[in-house]
Every structure is written in structure tokens, then in C-alpha cells.
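There are 2 protein chains.
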Amino acid sequence: MHALKVTRAEDFPEWYQAVVREADLAEQSPTRGCMIIKAWGMGLWERFVAEMDARIRATGHENYYFPLLIPLSFFAKEAEHVEGFAKEMAVVTHHRLKQIDNELKPDPDAELTEPLIIRPTSETIIGDAFSRWIKSYRDLPLKLNQWANVMRWEMRTRMFLRTAEFLWQEGHTAHVDEADAMEETMLALEIYRSVVEDVMAIPVILGEKSENERFPGAERTYSLEAMMQDGKALQAGTSHYLGTHFAEAQNIRYQDKDGAMQLAHTTSWGTSTRLIGGMIMVHGDDDGLRTPPAMAPKQIVIVPMLRGKPEDTELKEYCAALAAELNKKTALGGAVRASVDVKDAKPTDKRWDWVRRGAPIICEIGPRDAANGQVTFIQRTALREGEKVKSTSVARADFVVQAPALLEGIQQQLFDEARARLEANIRADLNTWDAIEAYYGAGDDESDVKGWARVAWSRPSGDDLERVTERLKALKLTIRNAPLQQPASFDQCVFSGKPGVEEILIARAY
Amino acid sequence: MHALKVTRAEDFPEWYQAVVREADLAEQSPTRGCMIIKAWGMGLWERFVAEMDARIRATGHENYYFPLLIPLSFFAKEAEHVEGFAKEMAVVTHHRLKQIDNELKPDPDAELTEPLIIRPTSETIIGDAFSRWIKSYRDLPLKLNQWANVMRWEMRTRMFLRTAEFLWQEGHTAHVDEADAMEETMLALEIYRSVVEDVMAIPVILGEKSENERFPGAERTYSLEAMMQDGKALQAGTSHYLGTHFAEAQNIRYQDKDGAMQLAHTTSWGTSTRLIGGMIMVHGDDDGLRTPPAMAPKQIVIVPMLRGKPEDTELKEYCAALAAELNKKTALGGAVRASVDVKDAKPTDKRWDWVRRGAPIICEIGPRDAANGQVTFIQRTALREGEKVKSTSVARADFVVQAPALLEGIQQQLFDEARARLEANIRADLNTWDAIEAYYGAGDDESDVKGWARVAWSRPSGDDLERVTERLKALKLTIRNAPLQQPASFDQCVFSGKPGVEEILIARAY
Numbered sequence: 145m146h147a148l149k150v151t152r153a154e155d156f157p158e159w160y161q162a163v164v165r166e167a168d169l170a171e172q173s174p175t176r177g178c179m180i181i182k183a184w185g186m187g188l189w190e191r192f193v194a195e196m197d198a199r200i201r202a203t204g205h206e207n208y209y210f211p212l213l214i215p216l217s218f219f220a221k222e223a224e225h226v227e228g229f230a231k232e233m234a235v236v237t238h239h240r241l242k243q244i245d246n247e248l249k250p251d252p253d254a255e256l257t258e259p260l261i262i263r264p265t266s267e268t269i270i271g272d273a274f275s276r277w278i279k280s281y282r283d284l285p286l287k288l289n290q291w292a293n294v295m296r297w298e299m300r301t302r303m304f305l306r307t308a309e310f311l312w313q314e315g316h317t318a319h320v321d322e323a324d325a326m327e328e329t330m331l332a333l334e335i336y337r338s339v340v341e342d343v344m345a346i347p348v349i350l351g352e353k354s355e356n357e358r359f360p361g362a363e364r365t366y367s368l369e370a371m372m373q374d375g376k377a378l379q380a381g382t383s384h385y386l387g388t389h390f391a392e393a394q395n396i397r398y399q400d401k402d403g404a405m406q407l408a409h410t411t412s413w414g415t416s417t418r419l420i421g422g423m424i425m426v427h428g429d430d431d432g433l434r435t436p437p438a439m440a441p442k443q444i445v446i447v448p449m450l451r452g453k454p455e456d457t458e459l460k461e462y463c464a465a466l467a468a469e470l471n472k473k474t475a476l477g478g479a480v481r482a483s484v485d486v487k488d489a490k491p492t493d494k495r496w497d498w499v500r501r502g503a504p505i506i507c508e509i510g511p512r513d514a515a516n517g518q519v520t521f522i523q524r525t526a527l528r529e530g531e532k533v534k535s536t537s538v539a540r541a542d543f544v545v546q547a548p549a550l551l552e553g554i555q556q557q558l559f560d561e562a563r564a565r566l567e568a569n570i571r572a573d574l575n576t577w578d579a580i581e582a583y584y585g586a587g588d589d590e591s592d593v594k595g596w597a598r599v600a601w602s603r604p605s606g607d608d609l610e611r612v613t614e615r616l617k618a619l620k621l622t623i624r625n626a627p628l629q630q631p632a633s634f635d636q637c638v639f640s641g642k643p644g645v646e647e648i649l650i651a652r653a654y
Numbered sequence: 145m146h147a148l149k150v151t152r153a154e155d156f157p158e159w160y161q162a163v164v165r166e167a168d169l170a171e172q173s174p175t176r177g178c179m180i181i182k183a184w185g186m187g188l189w190e191r192f193v194a195e196m197d198a199r200i201r202a203t204g205h206e207n208y209y210f211p212l213l214i215p216l217s218f219f220a221k222e223a224e225h226v227e228g229f230a231k232e233m234a235v236v237t238h239h240r241l242k243q244i245d246n247e248l249k250p251d252p253d254a255e256l257t258e259p260l261i262i263r264p265t266s267e268t269i270i271g272d273a274f275s276r277w278i279k280s281y282r283d284l285p286l287k288l289n290q291w292a293n294v295m296r297w298e299m300r301t302r303m304f305l306r307t308a309e310f311l312w313q314e315g316h317t318a319h320v321d322e323a324d325a326m327e328e329t330m331l332a333l334e335i336y337r338s339v340v341e342d343v344m345a346i347p348v349i350l351g352e353k354s355e356n357e358r359f360p361g362a363e364r365t366y367s368l369e370a371m372m373q374d375g376k377a378l379q380a381g382t383s384h385y386l387g388t389h390f391a392e393a394q395n396i397r398y399q400d401k402d403g404a405m406q407l408a409h410t411t412s413w414g415t416s417t418r419l420i421g422g423m424i425m426v427h428g429d430d431d432g433l434r435t436p437p438a439m440a441p442k443q444i445v446i447v448p449m450l451r452g453k454p455e456d457t458e459l460k461e462y463c464a465a466l467a468a469e470l471n472k473k474t475a476l477g478g479a480v481r482a483s484v485d486v487k488d489a490k491p492t493d494k495r496w497d498w499v500r501r502g503a504p505i506i507c508e509i510g511p512r513d514a515a516n517g518q519v520t521f522i523q524r525t526a527l528r529e530g531e532k533v534k535s536t537s538v539a540r541a542d543f544v545v546q547a548p549a550l551l552e553g554i555q556q557q558l559f560d561e562a563r564a565r566l567e568a569n570i571r572a573d574l575n576t577w578d579a580i581e582a583y584y585g586a587g588d589d590e591s592d593v594k595g596w597a598r599v600a601w602s603r604p605s606g607d608d609l610e611r612v613t614e615r616l617k618a619l620k621l622t623i624r625n626a627p628l629q630q631p632a633s634f635d636q637c638v639f640s641g642k643p644g645v646e647e648i649l650i651a652r653a654y
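Heads up: the protein sequence lines correspond to chains A and B, in order.
Heads up: take any position in the first sequence, counting from 1, add 144, and you land on this note's numbering.
Heads up: take any position in the second sequence, counting from 1, add 144, and you land on this note's numbering.
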């Protein structure tokens, strides 16, 4: 008996959609490929924004806002960049509608001379501004961030994971040289690790993307890779050292201390609403989402067991006072977020709504609790004892004192569980191509958790790398990244038998 | 001698552009009609968002996010609404670019079957969701808010005041009946008054818009009107009671307690980045912006008078410690926001940068201040004594203790100044059309501060109202609103000589 109609084991993709729907996170919109983010989903994103934004500011970045629409000609400047994005962009061609033959249509007289593109990412328009703002080495580093909606025309969409429009932050910086730009690239990666691991409780492996998986126009791309409960990988964020490619295309030059003109070195890095999808697939269970307390818009939800009787008033007051007391406490570095659910609905429906949304602690307070000065609560990460829902009753004063530690314990528990799963599901013993083929090629049962493999390779390039990618693709595998932490010596390359120079992670991925 | 090259008296519109530019608030972007919001401008907007969002949540609204793009057909549903917006919308017609004859162009094979519109406002797509979400009276009221970018194709743009793309919040709610929806409409207006007056220090007059100035599709529209230093009015926010118009067009119905189906009554209300423009024109002076402390991203900026010598280290430490001490204090309901400007630039350039940006208090700390344990500061609202910049030195401990009261005093001072100006510039004695014509018709000198007039009218409708509007237009005047606070009796209508039934404000406006 579970709160969702489909379990992870039965059908992981269906289960994912069920969580998104039943936890009130988002739904499909009438606009193709775009979603409506509902209150609880938006609350999660806003928590993410608050935590990410604080870290981005604390490391010397300032928020700017650039136009949604980018002139088409801007994309023609950086060849690789346009190649990477041109295939999936929304194009604005008219600026007015008109009734024609009784039908509302784009007005032919209002066609734009130059079409405008809805930003798929903002390197081009921000680079253009950099070229105007940067004159001297004194203007560097220039470190900015933008919170924005972006759009990429995706053929197959899945809520949060891949939608045509999504919300994100994009950092863009310019530096005097490679060393400074690389330091920034790695700083962004560490900011991401901190939010994803410490706030979202998702363990990740940081590493460098292979040559053919780089951001279009980047010199080096780094990623955070997270493991979902079905063993697949999800890229949880990327940070790019762009070298001087964009600086050349857009003429971002500065006068150095000796008066000579130099090209700036730029970086860009982004994280998006995709991470909400990752959080669902890492922490969800067959009863819905389990929200890490640091991410939960409401950490403690108090449901008064109202019965439409005069005692209700007293009960509501008891609950309100409890919430007020809890909100004075501190947990996970911030004020506790407790509130009373006074919606006009059955208490038992409310309980299950909050279970599916994954509120970390759900208090169900009846008249007897109020009379005895106690609190009866459910812990979302210890929902059941056998088949039965497990409720605990404690004295109210004790509950208030213990709540912060309880929340912090849940946060740790979720991270530990996910880390144990990550560690247990990376094979380090598949050191020949045959072994890889035998393991990943056996059967094609999607419900089978196959996890990742860490293998040595000779870091092929160009066509050799393409051939490796093709071989992996036949097994539905992709190269995730070359982890930053590498051993001192390497097995031979699983693809070529040549001496290994690096270890990489291979996995099926979202 | 002033920090800006142009004064308000010389050329108010030019002065406005100078503040936007010199205070580092925003600049024109290469995308026609769109601006780039820079760090200080974005910081102001983020302060606004924080204050507005807190009040919107505290009154029972939840944040959602709806798609940027709305299918064209949605606009055909509400006739008045499409009439009001169809003329100025950005239309997406293609979803891919292609190299054609060596030129990047919209791919003819990727034309959308139905064009998509960049939202000018979201009533249509949110109404569509309401029709799916609302089934019973138990689902009402449904109160949501969205922070988003929207787009209206404006022919003449001016930074912050009128840009093609702008940032805003839009509240959308549904209710069982008119009474509940009207209560919400007025609640939104009060939320706006609170932020605009108490945070932005801009006094406003609340009132109802005339019939022909209503939001397209609204039953009643209310506005906040603020007076700029040139005497013109700026609409600082609007709140609409939409009646059942959108509910009918989009089939938003609920089952009432007796089981009968009823149309919901909806509201919508919005405030935008336009308000930043208003703040500039209310509080700016010939030295740049004067930022109300409640809005200032940095309330106290500390500039160390560095000289590239060994003593610099000690000086920086003194400044950092001062900032840390200040940040522990509370002012205007939040922690004080103080920080040290360590940028590599001349201290005197930094001073003037912060003067132009309007940081409320600028501390200039030299080695002697550090040695004597004192703080030398400039108060932005008392910048000069005669021709000279006025600096005050006090013991550091005293400064830290007094800073909160100083900030609160500046906040009050700015509000009081603006309120006195508003009150002094509303004529209540122009009670005939001749008097109006004589006053507003005299000369056409834009630099002349003419202010507003409060006049009685008979509240004409339809063609009669159009004729009134035309007469006002000849004097460049518009009807702002009918203030909520009305006298007990009225003079005769200035337009028709009929008995007056209401007083309205007329003014030139942005």
C-alpha cells in the first residue's frame, strides 16, 4: 500500500510523472513542451534560488538582467556556438497581430527586419556588453550572474528534466588570463557542489566533460554528475572555461598594465530547474517526494484534526502557537519553517497531500493532543512501521526543542542514503570492453538498475573519440565525465587496449 | 557644481537619462526597445521583489510560474482583451534556424502550425489553468502570483518607464463572488501602497480609473498615482476586478454549496520595473539618485582612502570591522546593509560613483580616522553645505549606534519631501474649464512644473467621456483616477456644468 499508484520498481518513468503530478509540483501547459510550475514546485525552486544566489553573491558576483530576445546576427558570430544551438531556437519574426479574414494572424506589415531569438543561453548578448564595458585590466575580473528563463526547442520533453522553456541562472565572467578564468570555472563548480550536496542532499561527482561533450564554443567543460535511483546519471550543472573564443568573436579586449591590448578569457556556468527533477529521482519513494529539509518550503506542516465543532477554535489556536514557537528555532542555518494547514479539506486528505509533497515532518494535532500539551507527528523519511503509518507523540515542549535536530538528522539521512547508493552502484571492475558489453548488454530491461562504471581510457580525440562514443551508444551508454579525483596509475584503455591516461565515468543518462 | 552634467531644471528628460546612465542602473541593449539592467539597478529591483513578495505571501498568495509563450488562439477568446493587446505583441513563428544561401534564417520547414505570443500579461493562460483547477467552492479563493518577464511592443521606449520587455509581478485570483473579489482587488492595492510608500518612500493617491482607462476586459481598474518632480503623474501599479468576463471566456466555473454551477469572479494586479523609473524621478537630484535606505542594496558604503602604502592593510581591516559591526544592527525592520568598496579605483572616483548611485551614507575612512577610532561620512540627502560637500566625523562607536536612526531618518525625510511636493502641487481651485485651460494652456514650456488638478465631474460615459478625454488631450492632460477618498459634496462638473458626482485627478503623465 503506497500513496502513489505506480512504484519505482514497476515503472520508473511513470513513477516520476506520478510524483510530479501528485506532489503538486508541475503540470503540462497548453504551450507545447512548456510546464506550469505549481506552488510546491515553485517553492522548491525558490529555496534553490535563495541558497544559490547567496553563494554566488558571497563570491563576488553581481546580478544583472539582459534581454530575453537576441538579434539573429549575434548567433552568426561564434561558429561553433551557433552550430550547437541554431537547431532548436524559438524565432520571433513579427511584432503585431491583425484580424485577417476574421482570423487573428501575424500582421504581414509588422515583420521584423532582423528576426529575434529567444535566448537559449546568453553568451552572445552578454559578450557584446563585455566588449563595451571592459577597457582596462582594472575592469577585470568582471563577474556577473543572471536569473532568467531560457528556451530550447526540444522534441521530446519531460517535466523539469527537459522542457522547452526552463528557469536557470547563468554566470558570465571575464578575466585577464587563463589561470584566473580557470580558478573561476572551478569556483563555480564548487558553488554548485555546495548547493547540490549540502542543500539538495544529492551527492555528485565533479569532473571534466570529454571533448565532444563540451559546451558549443568552450575550451573545457566541467560537470557535476548525480545518480538517480534507476542508476542513470543526471548532469546537475556545468561550468565552462571559454578560453578566448567568445572574446575573439565579440572583441572583448583590455589594455594590460603595460598598455598592450589583450583578449579577455571568459567563463560561463549554469544550473536550472532540471535539478528539481533530479531531486525527485534521488529522494522520492513510492509515497511521493521526500524533500530534504534544507529545500522544503515548509519543513513542518501542522494539520489540526478539525471536526467542524466548537472545540476547533481552541485546536487552531494550539496549532498556531506551536507553529509560532517552532518558527523561532533555528535549523540548518536558518529559521525553522513551520506552518498550519487550515485549508477546508479532510485532515486525512491533507496528511496524504503532505506525504506526497514530502514535507519532512507532518504534525497531526487532535483535541486530545491539545488537552495533554503534546504533539503527534509523522516523519516523512520513517513513514511506516511494517504496513502501518508510524506516528509518534511527545510533549510539546520536547518536540519544539528536538525539532531542529530532527530536521538536521533527516537532511543527513537523505544525503547518506543517496551517497551509499551512488557508491554501491559504480562498478570499478569492468576493465575490458567485453566486461562492459557483457554487463550493460545483458538484456534490455529498463527497470534493471545498472549504475555506472569507472573505466580507464587513453583519452582519444576527434574521429577516435567519435568511434568510442558510437560503441557506447550501442549500449545506450554515454561518457559522463573524467572525475577530478584520479588515481596515481591507470589500467589499459578499455576501448583501445592502449595505456590508460585517465579514468572516466560511463553511464546511461537523462 | 553637480555630479551630473545636466540638471532637472535644464532638461528633465535628459536629466533622467543621465541618472539612469551615471548611477549605473541600466543601458540600452542591442535588442530594440529592451534594456540591460546593471548591478545597482538590479539590486534596487531585487529589494523591491523581496519586500513585495513578502507582503504578497503574507496575505495568502502562492507563487506559480506559467509559460512565457501563449498560443495565439488564447487571445481570440476575450474580445476586449485581444483588442487591447493584439497591436503590440512579439510573435514566435519558427522554431529553428537554417543556413540558407550562406545566411542564417528561420527554417521554412520549421514554421509553427499555431504562432506563439510572448506574454504581454498572463490572464489568458492562467485563466485556462483556473478552468481546470477550480471545481468546487472549496477550491476558492485561489490566490496566486507570478514573477516574470513580459513583452509589449512599444514604439517609443524609455528606460524603466516603457521598455518592450519588462520585469513584473502579476497576481491572479479567483473568488466565489463580487464581494470577495473586490476585497481582493483592494487588498492588492493596499499591498502596493505599502511597498511604494513605506519602502520606496513614494507617496501615492489611490483611486479608480475612468471607464476608458480600464485594463482590457476589466470591470473596474484601480491605480496608484505618484507625482514626479516635473509635476507629471506616473501610474505606480494597477489592480483589476475582472468580474466574470474572463471566467465566461475561459469557462472558470465552480459548484457552489447547493450544487449549482457558478462563474468565478477573478482579479489581476501588477507592478513592474517601471517603478524604478518612478523612484528616480521622485527622489533624484542634480547629483544623481537618492536611494531610500529601505530600497538601497547597500545602505552604508565604506570607502577606504587607500594610497598604495603599507598602512593600507590596517585601514582595510578597520573598514571591514566597521562594516561587520554595522551589519549586526537593525534598521527599517531588517539587518543594516553595509559594505566596503575595495575596487581598484581612486577614492574620490568611488565617492562620486556612490553619490550618483545614491547610497544613503558614504563613509570615507582615512588613516587618521582609523588611528583616532572615528568615522567620517557623507549623508546623501545632505550632501552639500553651500558649494562644499559636507563631511561629518564622529567617534566610531557613536556612529555604529546612531546609524540605524540615521537611515530611518533619511527614509522619512525622502518620504516627507515627496509628500510635501505632492500636496503642494495639486490644484483644488481650478473649478471651471476656463480655469483649467488658462492654467495648463499657458505656454508649452516642458520645464514648467504644473502639477495636477483635482476637479469635480459628472462621470460621463461612452461618447461623452471620449469627448472629455479629447478636450483634456488638447492640453496634454489625462484623467489619472477618481481618488478613493472623496468629499461629502461636489462642485459642478468642470466639463459639462452638470452636478458633480465625483472628484478626479487630471494631470500630464508618463
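A portion of the hints provided could be inaccurate.
Copies of the same chain look alike in the list, so a pair counts if it works inside one copy or between any two.
To be verified - Heads up, simulated DSSO-like pairs for lysine-lysine below, C-alpha to C-alpha not over 27 Å straight-line:
1. 231 x 249
2. 460 x 494
3. 490 x 453
4. 279 x 490
5. 401 x 149
6. 453 x 401
What the hints contain is simulated information worked out from the structure, not anything from laboratory work.
Evaluate residue 460 and residue 494 at a C-alpha cut-off of 27 Å and name the case that applies: within, between, both or neither.
Answer is within; shortest intra-copy Cα gap is 15 Å, inter-copy 55 Å.
Measure nothing new, just compare the shortest in-copy and cross-copy C-alpha distances for residue 279 and residue 490 to 27 Å and report within, between, both or neither.
between (64 Å within a copy, 16 Å between copies)
Using 27 Å as the alpha carbon limit, work out where residue 490 and residue 453 are close: within a copy, between copies, both or neither.
Answer is within: at 14 Å inside a copy they meet the 27 Å cutoff, but 71 Å across does not.
If the cutoff is 27 Å on CA atoms, where do residue 231 and residue 249 land: within, between, both or neither? Let me know, please.
Intra 25 Å, inter 11 Å, cutoff 27 Å: intra and inter.
Give the relationship of residue 401 and residue 149 under a CA distance limit of 27 Å: within one copy only, between copies only, both, or neither.
neither (66 Å within a copy, 31 Å between copies)
Intra- versus inter-copy proximity for residue 401 and residue 453 (alpha-carbon distance at most 27 Å)
between (79 Å within a copy, 19 Å between copies)
Comparing the model with each earlier hint shows a violation of hint 5 alone; every other hint is respected.
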